[in-house]
Amino acid sequence: MERFDAIVVGAGPAGSSAALTLARKGFSTLLVERGRAPGVKGMFGGRIYAWPLADLVPEWAKDCPIERLVIRENLAFLTEDASLTVSFDSPKLAQGRGTSFTAVRAKFDAWLAKKAQDAGAMLVTGIRVDDLWREGGRVRGVSVAPNDHVASDLVVIAEGAASTLVREAGLKADLEPREVSVGIKETVELPAETIQERFGLGEKEGAAYVYAGHASMGLRGGGFLYTNKASVSIGLVVSSEDLSRKKVEVQDLQTKFRMHPAVQRLLRGGKVVEYSAHLVPELGAGMMPQLSTDGVLVVGDAAGFLINNGYTFRGVDLAIASGIAAGEAAEAARSAGGMSKVNLAVYEKFLRARNVLTDLERFRRAPLYMKNERLFDVYPRMLMEIAERMYTVDGSGKERLFDVVLDEASAAKVPKLKMLLDLLHGAGSM
Amino acid sequence: MTDRGPTARPMRVIVCIKQVPRAQELQVDPVTQTLKRVGVPSEINPPDANALEMALRLKDQHAAEVVVLSMGPTSFDESLERAVAMGADRSVLLTDRILGGSDTVPTAYALSETIQKIGGYDLLLCGEETTDASTGHVGPGIAGHLDLPQITYASEIRIEDGRVRARRTAEDGTEWWETTLPCLCTVNFGCNRPREPTLTGKIRVERGGVVTHWSCADVGIDPKKVGLFNSPTIVAKVDTVRLPTRAGRIFSGEPKETVRQLLDSLIADGVISP
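Protein chains in written order, with this note's numbering: chain B, 1 to 430; chain C, 1001 to 1274.
Derived from the structure by calculation, the hints contain no laboratory data. Be careful, since some hints might not be right.
[Stated by the list, open to error] Heads up, simulated DSBU-like pairs for lysine-lysine below, C-alpha to C-alpha not over 30 Å straight-line: (1) Lys229/B <-> Lys114/B; (2) Lys271/B <-> Lys41/B; (3) Lys62/B <-> Lys204/B; (4) Lys107/B <-> Lys1036/C; (5) Lys271/B <-> Lys1036/C; (6) Lys256/B <-> Lys229/B.
Chain C on its own, in the form it takes in the complex (with noise of 0.2 Å):
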């Protein structure tokens, strides 16, 4: 399955990660109804950096070597610079036009293709989703494909002879799992507070060559099984939810006549009983 080498290597941890829009500066076009994205900041994806500071403190307590793929435009590069900048040792990105409009059937499959030419891997991580699409397919997705262990929503991660112990956030308390490696996770969003990059590390960029961009000739990715007509789910119509407006009572005079008034008014509203 993998090409595992000699044990006396360092582990090699590879994070998955997405470019996208930044959330708080999205805005929908008033008129088409669909979002803005021309002109719109990019960040990666909040989740995806959680999964990339959980891999950056195992490179802290295990000397692990940590490596980021993602794949998309050469735009995507803004990420995965800053990726390295914050501690990751290298990046890939699988860049080709064939691959547009690939949903996340294709993407799970091309980004196991792509894995599978770095190699040498020990665990993998994503993010639980991603902010701009929401769907939490791509990493369970990835793990059919080379057919892993998997733990998502793992909020915090211990490696111990070869097996990995994850605390799972679950709807209802925390689960805590354990699996051997090599295996993936996909990490809860919040988890943990993503580090700045480093001067050591933009220095590094500055330099070049951090990121390698890959064709799916390079990975071998079958034409055939991805990009807009390999996808099975369409996005056939957009609705926004327009936000009612709200009456907005202000009432003024003394703190103690203002509450009376406001309890009052709630109770007239039915929203509470007095």
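Extracted from the complex, chain B is given alone in its bound form (with noise of 0.2 Å):
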């Protein structure tokens, strides 16, 4: 039988982060993914912050597969044909540990896993691993089919939001639809130039957009928006309860969404190329799976590690940072005699060091925040009925700000307090 210290399956952003890291600390390492090269199953927003790279990969602006460098926010509220957009424009978000850029994930996740490679992790694709391969009741490596084992001391789980293996190792139970939304993103192909000028960017500048709002009519959950190099990625992140509670299908939401007039606006003469749609866990650290057990240990999606507190998604940043924990948590378990539940319960330890664990607890309640519907109709439409009398001049008698809050906010047929203090509690969990 084939033997490896550690295998990670899936060569995602987590997993190659995972082999990469083994790999220099002098593990013997597999690393399987299932698609026929990594990345052709991935799937996510667009946007990677930079910040773990720089750790994993000292170098790795040299060669890593950017899009473009996000140098404008923009946080958009929707209702049926309006837009309030809230701008922000920096060069410093394009600088230093906090860079971000927008990247393609058949294009990234080559990449990434081919620094493991030349780690000296062993990547073999195109094999779905369907169980973890059992001896004396402990995991000692996974199974592919009934002959088709491989040993290792070490099993680390990079399987994305569905992961099979998860459930398989005893350390979650199924997944619930709360817990996950779905995404849905279409690549609408644009010329480069076509970008640079209708959003005002230079040659390797990108921009992000939240939509909030009307983007998902009504159900819970948001838009987003990102330029790559010649293509914008556009998609939705909807509730899949809501989707299911009101018999909604999430193609149609897309549509909807990519023709209110102001994203129009901006996908206009492009060709829609490519079309995904993926799970995505909602609840952070309100569905983490047990982390780690007797030669397991698990990162990335597969372990819930994402961030979405209404103005920022964050997923592969953490699965890098998580990958590299779990090698570091593995170094420390061989010195402390193997990887055992005990010596791997470390893990925790080095997620925590990078902000990983903290950041999910800190923003824990953010999804439950988010479940509050009015902040999907009520509190965009109200914000967008204001703007347009703050801008509306049409002689009829021009009232003071101050009196148009007060008025919609009394339109609104919300009661004063229960908005005071969906304000306080959005402050306090976003």
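Make the complex out of the two chains shown on their own, each in a separate frame, by following the hints.
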């Protein structure tokens, strides 16, 4: 039987980061990917916060397949036909550890997997690992078919949100609809020059948009848009519970979102060249599986490492950081005598050192706050009414801003105390 | 004829495969009217994949050793590695510039020499033909060079007491043939479903050393018998058939009505009689 010190299942950002770290620390490492190449099955919104890359591949900026560096952040509220956008523009957004960039997963994942291979990890693609291989009740490797087992002291589960191995390992019960959202994304091709002119960007500069309000047609969720080199990623993340409760097809939402005048304006003349959908772990710290057991560590989306606080969507950076932490935990466990549950529990400490668990816990209440339907319907509408009255001059008598706000707040039919509580609750959880 | 060793060793099956352009992705150059081969993904010639699957089943049943053999450029490593990932024990690629342009006559000669160098074989398997040339010559050619009994178009093989029983797919039915080992069988296209590579197999490939390269000199092949100038057939001309355009009429309305219209139209065109 083939044997490795560690087997990593899934060559996405979490898996490749774990494999790279393990290989560097002298573990013979096998990285197994289900797709025919890393990244072909990967899906995400489109932006990566770069900070953990600087730790993993210090020279990352040299050859990392960056589409555009994000220099402008936009938060847009939509009603049926209007939009109110808050835009923040700063070169500082693209400097130092705070840098974020847009990327295409087929290229980014291939790049990161190659780094793991260069460090000595063996990459095998086109193989789906169905099972953990057990001996004496303990995980001893992975199993693909009745006569196709590969042994290892450690299995790192990096399978993504719909991980079957996490359940197989007994670390988590089945996913529940409330724990996941459905992410849907279209890639719209546009010439690079058009993107630069339309979004007011330089050659390597990019913009990111978060859409709230009518983007998800009153369902809990939101929209996003990122500029790539010669395409735009646009999509929605919508509560799967709401989708099934309200019997809405996610692709219909996406079409309506794309046709919104404020969005359409940005996509005009573009061609949809790619369409994808994926489960998104939604509850963050509230849905985390047990993160380690005898011979097993869980990283990335499989561990529910995703933060959506309403204005930043983070997944890939947490995936990379957790991959590094897994490698560090394995090294510490090896020094302590082996990959036992007790020794691997140190993984949490390394996750904390990289602020993964800390951030997840800090925003623990954000998903609950964002379950508040008023955020997706009443308040955006109210904001829009205020903006409309602020900017409309038609000779019918102009009101003071304060009066407009009070008037609209009353019209919204939400008790003022509740509104104040929503505001405070939001400030506290986001 | 063959240097068969002591009987205690496992049965050795040699499977001959060719790497061909993936048929469904082949395109004809609209200007030159020739096949565009550059940039087209490759695959194991599908009938050869059936032969390989047959060999791997013999490995499952009789613990046979499966050696895969091919002749061609080193880009053929891709298919030989896939064969090992599927479960073959090892592979040999006969690769030499002087083989370039060989037709089926030198190919059968060169492969039979290479098979003798591998030696110790009990059963030789080939696909019934290749999808890129469709001659079906090479398998029987090898049997001729090695003076072996052969069964062509086999869709099932049973090995018992040193004898082979093979079901042969003929045009108007199936025949069962029996012969002694060693022998050569060509395998019927589509007679089985080739297995997918295993994780263990892919790891073996990644660890390296699963393909052995031999030159003509390594095998002792006579350079005067191979290559373009020692191939009696030449491709003089390639004609492509231009498909006629079709009228494509669409009838709409109630099903009863549209069926009536379709029938009337077919009758009017003389396709069917009223």
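Non-conforming hints, listed in increasing numerical order: none
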